[in-house]
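Student: Line by line, the protein sequences are chains A and B. End of the first sequence sits at 900 in my numbering; the numbers just go up one at a time, nothing left out. End of the second sequence sits at 900 in my numbering; the numbers just go up one at a time, nothing left out.
Keep in mind that a hint or two might mislead.
[Claimed, not checked] Covered by chain A, per the in silico footprint, the following chain B stretches (three or more residues, Cβ under 8 Å): (1) 851-863; (2) 871-879.
[Stated by the list, open to error] With a Cα cut of at most 25 Å, we get these calculated DSS-like pairs of lysine-lysine: (3) A:K694 x B:K677; (4) B:K691 x A:K677; (5) A:K677 x B:K677; (6) B:K694 x A:K495; (7) A:K586 x B:K725; (8) A:K677 x B:K694; (9) A:K669 x A:K495; (10) B:K495 x B:K677; (11) A:K495 x B:K691; (12) B:K485 x B:K669; (13) A:K691 x B:K677; (14) A:K691 x B:K495; (15) B:K485 x B:K677; (16) A:K694 x B:K694; (17) A:K725 x B:K586.
Source of the hints: derived by calculation from the structure; they are not laboratory data. Glycine included, C-beta positions come from ideal geometry on N, C-alpha and C.
There are 2 protein chains.
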Amino acid sequence: MDHKLQETMLEQGKRARQAARVLATTPSTLKDQALLEMADALLANSAELLAANRLDLEQGAGNGLSSALLERLMLNQERIQDMAQGLREIAALSDPVGQVLGMTKRPNGLEVGRIRTPIGVVGIIYESRPNVTADAAGLCLKAGNAIILRGGEEALNSNRVIARVIAEAVVKCGLPEGSIQLVDSEDKEAAIFLMKMSDYLDVLIPRGGKGLKMAVTENARVPYIMTGMGNCHVYVDGWADLDKARQIVFNAKVQRPSVCNAAETLLVHSDIAHKFLPLILEDLQKAGVEIRACARSRQIVDGLREATEADWDEEYLDLILAVKIVDDLEQAVDHINLHGTGHSEAIISQNYSNVRLFMAAVDAAAVYANASTRFTDGNVFGFGAEMGISTQKLHARGPMGLTELTTTKFIIYGDGHIR
Amino acid sequence: MDHKLQETMLEQGKRARQAARVLATTPSTLKDQALLEMADALLANSAELLAANRLDLEQGAGNGLSSALLERLMLNQERIQDMAQGLREIAALSDPVGQVLGMTKRPNGLEVGRIRTPIGVVGIIYESRPNVTADAAGLCLKAGNAIILRGGEEALNSNRVIARVIAEAVVKCGLPEGSIQLVDSEDKEAAIFLMKMSDYLDVLIPRGGKGLKMAVTENARVPYIMTGMGNCHVYVDGWADLDKARQIVFNAKVQRPSVCNAAETLLVHSDIAHKFLPLILEDLQKAGVEIRACARSRQIVDGLREATEADWDEEYLDLILAVKIVDDLEQAVDHINLHGTGHSEAIISQNYSNVRLFMAAVDAAAVYANASTRFTDGNVFGFGAEMGISTQKLHARGPMGLTELTTTKFIIYGDGHIR
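Model the full assembly from the supplied sequences, consistent with the hints where possible.
Tutor: Shown next as structure tokens:
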């Protein structure tokens with residue numbers, strides 16, 4: 482990796498650290514003002530942004546990006562409006578910083594409580610969608626953190642304009658220069674280097690799939706919160722309401738297949754498989770879904786492609802669904818806990834005990850009874866925009882909102898107390 | 482590292498993972514029964530435990546361990562009683578697992594909430610004091626986690642007996658064999674190997690100083706929570722009540738110098754240094770404290786050893802104190818945020834604004850106004866026994882109690898909901 486780029490990144494780290502000190506005690510009103518300024522600046526510079534985005538799209542098409550990826554990369558006036566609106570909504574959220582949690586007077590007279598504080602410097606590694614640049618920067622700013630952004634190289638021209646425009650808006654409001662910074666490089670090694678900048682980063686948030694996860698596990702020296710890996714399952718129990726099951730499975734697979742909370746595997750109880758599978762598979766195949774089925778499913782419905790062992794671990798993010806028949810709830814739970822990524826898992830059942838058991842035994846960020854996995858989302862859950870959906874168990878699990886971008890510290894008030 | 486030991490440890494990992502599945506849904510009453518059984522078993526086997534401990538002490542003395550370390554290593558009937566009592570107190574704490582946090586009905590009719598669940602498998606790396614073996618195992622069991630313990634090699638004979646006795650007690654109550662396991666080896670590489678067992682461990686809790694921290698940062702592939710590093714400061718402001726300041730500084734340094742919340746550096750405002758330093762340094766020197774002072778302090782009090790730059794970063798854990806004069810609050814805060822380990826920091830001041838500023842600007846797990854840093858402790862803060870004191874910002878900060886040994890998952894109840 483280029484030595485000069487390393488130096489630039491370390492310099493960015495130092496500036497971010499200094500900025501974080503200032504942001505930690507910046508009043509909410511000033512942070513909100515900066516967020517509104519960022520929104521205005523994006524709209525005011527939309528022509529330049531659209532031009533940069535066209536460049537990304539042309540290069541992407543030239544490099545053979547799939548139409549799905551190009552669609553995610555594409556900006557238009559409406560999407561820029563949405564980005565600006567997202568920033569305004571973050572400004573309207575209440576500031577978590579400074580909340581005092583559970584202050585109590587101890588028997589010795591000490592008052593002990595916790596206060597919510599920013600984490601410090603956040604690094605984020607993400608791909609494709611340029612709106613993440615504005616969303617992530619806005620959420621971090623509101624939570625009092627400095628941010629270093631590392632977007633995908635395919636979106637570099639767009640991200641460069643977004644980051645410059647919103648960083649300028651922030652400085653214009655009197656906030657420090659290091660508050661929002663972009664790693665301006667196509668070098669893949671820059672992401673690896675960012676993962677190791679433990680002197681300057683307090684947390685790293687990688688958003689992506691298996692490849693990124695492996696790179697992070699191997700290289701990160703900064704504590705990280707992995708987000709966005711979703712091998713999600715819907716289990717249709719022997720006691721399911723089959724009409725509801727049909728709608729939910731269809732929705733979980735088809736409504737938006739490219740996102741992490743879409744279903745990738747359907748598990749069906751053997752008691753109802755002969756009745757349910759022909760119905761749902763017809764629905765899905767009409768919608769263009771390719772089925773990869775276990776041997777028993779293939780005996781019920783003709784002409785299905787056989788699933789391999791690898792299919793149970795695959796996050797297709799596409800109109801493909803793996804299908805497997807299980808003989809009881811335990812088999813379903815075991816399959817999910819073995820192959821799932823701990824994202825979103827659903828049971829469809831009218832049986833009280835089975836629902837309870839599934840909710841308790843499945844080890845995932847979000848566990849559903851009789852609803853589509855597609856609901857795992859910060860807005861749907863009621864806490865506004867999100868930094869991603871954590872599939873880890875430490876610090877944040879599920880959609881990461883403003884609160885998850887903070888930490889706490891104990892504050893203790895005494896009057897000459899000694900031990 | 483011995484290949485057979487690696488295999489044994491991987492086998493332990495698998496057993497722990499299986500045990501964690503069972504513990505996750507074990508009722509509180511059964512976990513509490515097991516904790517009481519563990520306490521009884523320790524007392525019933527105290528003769529064997531004392532004999533094993535004598536062996537550790539003899540070997541330790543032969544290997545030239547310091548008297549402070551030998552003191553920490555030593556068990557007697559009273560300390561075994563304390564261990565048993567600690568387990569009984571954990572049994573009496575309320576179980577965090579299954580608590581539902583903030584269930585709400587969303588506009589679309591979905592009910593969304595969070596439920597507290599165990600983390601899974603916890604690994605802990607620690608030193609010297611054998612009571613940690615029982616404390617850590619007890620806390621993990623209560624929180625529904627399986628634990629793999631890696632104590633210091635100097636305590637291996639003691640830990641071996643403790644771990645065997647409490648693991649047997651747990652199995653006797655019908656809980657799985659893999660619930661409590663000890664890495665039974667003196668090989669230092671075993672700790673490194675444990676840090677990499679990401680297929681089986683959900684979190685690693687290292688308790689120790691700089692050397693361990695460096696090994697963890699370099700080697701860990703398991704998410705970790707670093708605990709127990711304490712370079713703590715007391716800042717005596719220009720507006721301090723000097724009588725209170727004298728008592729607090731003395732207490733923070735002298736009452737128990739070998740622990741992580743003891744003070745290591747005294748910062749004194751230049752306005753009161755000429756008055757305060759002669760008093761407090763006389764107190765401290767009478768108690769046998771060695772002073773390492775900045776040049777300005779040495780002009781006020783004669784005969785002080787000069788502090789080097791390295792002293793500001795040192796965690797002495799001994800009767801040694803670094804002393805520095807600062808010219809204002811900002812200098813004190815900057816010194817602390819630069820050199821501190823983010824553990825416990827105190828200001829002594831009667832000035833309202835200075836106290837407020839210090840509490841907000843100091844970046845540490847526990848920030849004190851007019852009280853000794855020695856209070857940072859799970860029991861003092863009111864949530865019972867602790868796994869250690871986290872100096873990290875993610876997941877847990879400050880004393881880690883039962884709650885910090887759990888995670889949450891979202892649970893969502895619908896009735897055929899699709900998006």
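Student: So, for every hint listed, does it hold in this structure?
Tutor: Hint-by-hint comparison with the structure:
no.	hint	result
1	851-863	holds (count 9)
2	871-879	holds (count 6)
3	A:K694 x B:K677	15 Å, holds
4	B:K691 x A:K677	19 Å, holds
5	A:K677 x B:K677	17 Å, holds
6	B:K694 x A:K495	22 Å, holds
7	A:K586 x B:K725	20 Å, holds
8	A:K677 x B:K694	15 Å, holds
9	A:K669 x A:K495	22 Å, holds
10	B:K495 x B:K677	14 Å, holds
11	A:K495 x B:K691	23 Å, holds
12	B:K485 x B:K669	15 Å, holds
13	A:K691 x B:K677	19 Å, holds
14	A:K691 x B:K495	23 Å, holds
15	B:K485 x B:K677	17 Å, holds
16	A:K694 x B:K694	24 Å, holds
17	A:K725 x B:K586	20 Å, holds
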